[in-house]
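Let the hints inform the model, and build the full structure from the sequences given.
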Amino acid sequence: MCHDAVEVLHKMIPDNSLSMVQLFFPDPWHKARHNKRRIVQAPFAELVKSKLKLGGVFHMATDWEAYAEHMLEVMSSIDGYKNLSASNDYVPRPQSRPVTKFEQRGHRLGHGVWDLMFERGK
61 MCHDAVEVLH KMIPDNSLSM VQLFFPDPWH KARHNKRRIV QAPFAELVKS KLKLGGVFHM
121 ATDWEAYAEH MLEVMSSIDG YKNLSASNDY VPRPQSRPVT KFEQRGHRLG HGVWDLMFER
181 GK
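Sequential numbering of the sequence shown, starting at 61, is according to our numbering.
Treat the hints as calculated values from the structure; they're not laboratory data. Even glycine gets a Cβ: it sits at the ideal position worked out from N, Cα and C. Incorrect hints may appear among the rest.
Label pairs and their computed distance ranges (CB to CB) [to be verified]:
1) Glu67 - Gly170: 30 to 38 Å
2) Arg97 - Cys62: 13 to 21 Å
3) His171 - Asn148: 19 to 27 Å
4) Met72 - Ser147: 32 to 40 Å
5) Asn76 - Gly170: 37 to 45 Å
6) Arg157 - Arg97: 21 to 29 Å
7) Gln101 - Asp149: 18 to 26 Å
8) Gln82 - Gly181: 16 to 24 Å
Below, the structure written as C-alpha cells:
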C-alpha cells in the first residue's frame with residue numbers, strides 16, 4: 061500500500077486495534093522554520109494512542125539529536141503514554157528493529173541514533 065500514513069490511521073485503522081506502531085527515521089525537517097512539518101507532533105501522537113490497544117507501544121527512531129529531543133518532549137507531554145526507558149529518555153536499540161539505509165547513513169555521517177518507546181496506558 062502506498063498512501064499517507066496519517067490518512068490511513070484516521071480512516072482505515074480501528075481504534076484500540078494495534079499492538080505496535082513503528083516510525084523509523086522520519087524526515088527530521090531540521091531547519092527551524094520547517095519544524096512544524098515534523099510528523100511527531102501532539103495531534104499525531106494522540107492519533108497513534110487512539111489506535112493502540114492498552115499496553116500497545118509506539119516505537120520511534122531517529123538519527124537527528126534535535127528531533128529525538130523533540131520526540132521525547134512531545135511524547136512526555138501527552139497523558140496516557142508511559143516512557144519505557146529506565147532513565148525516562150531513550151531506550152537501547154532493540155535487536156528487533158531493522159537497520160535502515162537512513163540509520164546506516166547517519167552512522168557514516170557520525171550521527172547518533174536514538175530510539176524511543178512509549179506504551180499506551182489507561
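Checked hints:
Look at Glu67 against Gly170: about 36 Å separates their beta carbons, and that is inside 30 to 38 Å. Distance hint check: the CB atoms of Arg97 and Cys62 are about 20 Å apart, consistent with the given range 13 to 21 Å. Our hint of 19 to 27 Å for His171 and Asn148 holds, since their Cβ atoms are close to 23 Å apart. In this structure, Met72 and Ser147 meet the distance hint of 32 to 40 Å, their C-beta atoms being roughly 36 Å apart.
For Asn76 paired with Gly170, a C-beta distance near 41 Å keeps the hint of 37 to 45 Å intact. Checking the proposed 21 to 29 Å range against Arg157 and Arg97 shows it holds: the Cβ atoms sit about 24 Å from each other. At roughly 19 Å, the beta carbons of Gln101 and Asp149 sit within the given window of 18 to 26 Å. Taken as a hint, the range 16 to 24 Å holds for the pair Gln82 and Gly181, whose Cβ atoms sit roughly 19 Å apart.
Violated hints for the displayed structure: none, as all numbered hints are satisfied.
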